[in-house]
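Chains A and B, in that order, are what the protein sequence lines are.
Each residue of the first sequence is one higher than the one before, counting from 22 in this note's numbering.
Each residue of the second sequence is one higher than the one before, counting from 442 in this note's numbering.
Careful, some of the hints might be misleading.
A few chain A positions that, by computed beta-carbon distances, are all more than 10 Å from chain B [unchecked claim]:
| no. | residue |
| --- | --- |
| 1 | Trp-41 |
| 2 | His-71 |
| 3 | Gly-86 |
| 4 | Leu-89 |
Derived EDC-like pairs (lysine to aspartate or glutamate); straight-line CA-CA distance at most 20 Å [unchecked claim]:
| no. | chain 1 | residue 1 | chain 2 | residue 2 |
| --- | --- | --- | --- | --- |
| 5 | A | Lys-114 | B | Asp-605 |
| 6 | B | Lys-658 | A | Glu-115 |
| 7 | A | Lys-128 | B | Glu-458 |
Here are the computed distance ranges between Cβ atoms for each label pair [claimed, not checked]:
| no. | chain 1 | residue 1 | chain 2 | residue 2 | range |
| --- | --- | --- | --- | --- | --- |
| 8 | B | Lys-649 | A | Tyr-92 | 25 to 33 Å |
| 9 | B | Ala-497 | A | Ile-93 | 43 to 51 Å |
| 10 | A | Gln-47 | B | Glu-564 | 38 to 46 Å |
| 11 | B | Pro-598 | A | Tyr-92 | 51 to 59 Å |
No lab work stands behind these hints: they were computed from the structure.
A virtual CB, placed ideally from N, CA and C, is assigned to each residue, including glycine.
As a plain string of letters, each chain reads:
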Amino acid sequence: MLQEYIALAFILFFLGRLGWQLYKDQISKSQFLMWTLFWFIVGILIIYIHAIDSFTTKLGFSSSGIQLLFYIAVVLLFYWVLRLRLTIEKMSKEITELTRSQALANKNSNHN
Amino acid sequence: MKIFCVIPSWNQANTLEKVVNDVSKFCDNIVIVDDGSTDQTKEVVKNLPAHFISHAINRGQGAALKTGTQFAKEYGADIVVHFDADGQFRAEDLQKIVAPIINNQAQIVFGSRFLDTTTKMPEFKKKFIMPLARFINKYVFRINLTDPQSGFRALGPLALQEIDWRQDRMAHCSEILVAAHRSGLTIAEVPITVIYHEFGQKIGGGLKILRDLFLSKLNN
Numbered sequence: 022m023l024q025e026y027i028a029l030a031f032i033l034f035f036l037g038r039l040g041w042q043l044y045k046d047q048i049s050k051s052q053f054l055m056w057t058l059f060w061f062i063v064g065i066l067i068i069y070i071h072a073i074d075s076f077t078t079k080l081g082f083s084s085s086g087i088q089l090l091f092y093i094a095v096v097l098l099f100y101w102v103l104r105l106r107l108t109i110e111k112m113s114k115e116i117t118e119l120t121r122s123q124a125l126a127n128k129n130s131n132h133n
Numbered sequence: 442m443k444i445f446c447v448i449p450s451w452n453q454a455n456t457l458e459k460v461v462n463d464v465s466k467f468c469d470n471i472v473i474v475d476d477g478s479t480d481q482t483k484e485v486v487k488n489l490p491a492h493f494i495s496h497a498i499n500r501g502q503g504a505a506l507k508t509g510t511q512f513a514k515e516y517g518a519d520i521v522v523h524f525d526a527d528g529q530f531r532a533e534d535l536q537k538i539v540a541p542i543i544n545n546q547a548q549i550v551f552g553s554r555f556l557d558t559t560t561k562m563p564e565f566k567k568k569f570i571m572p573l574a575r576f577i578n579k580y581v582f583r584i585n586l587t588d589p590q591s592g593f594r595a596l597g598p599l600a601l602q603e604i605d606w607r608q609d610r611m612a613h614c615s616e617i618l619v620a621a622h623r624s625g626l627t628i629a630e631v632p633i634t635v636i637y638h639e640f641g642q643k644i645g646g647g648l649k650i651l652r653d654l655f656l657s658k659l660n661n
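Kindly produce the complete structure, drawing on both the sequences and the hints.
This is the structure:
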């Protein structure tokens with residue numbers, strides 16, 4: 022139980038910090054909403070961790086619910102890294118296009 | 442037919458002048474694409490008989506070749522030859538590579554280091570990296586050519602119309618090969634001699650090519 026209270030205290034700290042960042046205009050409203058939703062979901066999962074434990078057992082896994090959440094988190098992280106990578110690739114292609122059009126507009130010729 | 446030779450160059454000021462002077466005997470126009478060099482390239486090209494395009498920042502060989510090819514097409518090129526600035530290719534081979542296009546035997550021609558017996562390729566590259574690349578080309582991309590990563594190629598009028606590539610770095614070689622096959626173009630290979638000053642593409646480079654192709658597939 023103590024672990025759950027500590028985790029919830031951390032979440033409250035981060036929610037408070039988010040509110041402060043929004044107040045100070047350090048993050049946008051959409052970022053605030055996204056992270057609030059994220060911490061809210063994490064909080065719900067912690068509150069219902071025992072229900073997740075029994076769900077995990079029903080599914081036939083020998084591990085506890087918290088371990089299952091960790092596995093899901095790792096999978097999600099891998100997915101997000103891939104999405105990030107694809108976004109970087111797309112931006113890189115756009116930079117190339119920009120560089121190309123600028124280069125072609127400023128071409129020089131020593132040919133007669 | 443109007444032959445343009447596109448030479449991408451990144452910090453190759455030392456070899457560029459000789460390469461351009463040698464190549465100029467075998468083509469009508471030369472297009473140098475400086476890919477964000479930080480050496481003396483801009484000074485060197487001032488007196489060379491060539492068109493000069495400069496990328497403000499380094500974008501990779503594939504990107505530089507595409508810029509040069511786009512320029513050549515705008516200037517009415519019938520044949521575009523891709524040539525390296527590091528002096529590893531022989532200018533005389535340019536005649537060999539454009540011949541099948543001029544004689545209507547092929548629409549795109551690739552130079553092959555394996556059809557030529559005088560090329561002294563590093564042993565590890567010859568016996569391990571290249572067979573692996575050939576295996577991937579054959580069984581993944583269904584391409585059966587002797588040289589899996591040839592950077593010396595000539596594109597005829599139809600190839601210039603049909604082939605486009607999006608790979609900015611070294612994966613453009615595979616992308617052009619695949620595009621040539623998928624477009625149903627007549628492909629030819631001619632023997633070329635490559636003089637190795639350094640090892641060139643290593644295993645890590647090969648893995649980067651596969652990574653780039655994979656990411657590009659996911660982005661489409």
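Comparing the hints with the structure gives:
With a cut of 10 Å on Cβ distances, A:Trp-41 stays outside the contact zone with chain B, its closest approach being about 38 Å. Remark: the non-interface label on A:His-71 is consistent with the geometry, its nearest Cβ contact in chain B lying 39 Å away (cut-off 10 Å). Distance check on A:Gly-86: its Cβ is at least 32 Å (rounded) from any Cβ of chain B, clearing the 10 Å threshold; non-interface status holds. Listed as a non-interface residue, A:Leu-89 keeps its Cβ farther than 10 Å from every Cβ of chain B; the least gap is roughly 28 Å.
Using a Cα cut-off of 20 Å, the hinted pair A:Lys-114 and B:Asp-605 holds, with the two alpha carbons roughly 14 Å apart. The suggested pairing of B:Lys-658 with A:Glu-115 holds, with an alpha-carbon distance near 17 Å, which does not exceed 20 Å. Taking the CA atoms of A:Lys-128 and B:Glu-458, the gap is near 19 Å; set against the 20 Å cutoff, the hint holds. At about 30 Å, the beta-carbon gap between B:Lys-649 and A:Tyr-92 stays in the expected band of 25 to 33 Å.
Checking the proposed 43 to 51 Å range against B:Ala-497 and A:Ile-93 shows it holds: the Cβ atoms sit about 44 Å from each other. A hinted range of 38 to 46 Å for the beta carbons of A:Gln-47 and B:Glu-564 is inconsistent with their spacing of about 58 Å. Hint check: B:Pro-598 to A:Tyr-92, Cβ distance near 56 Å, so the stated range 51 to 59 Å holds.
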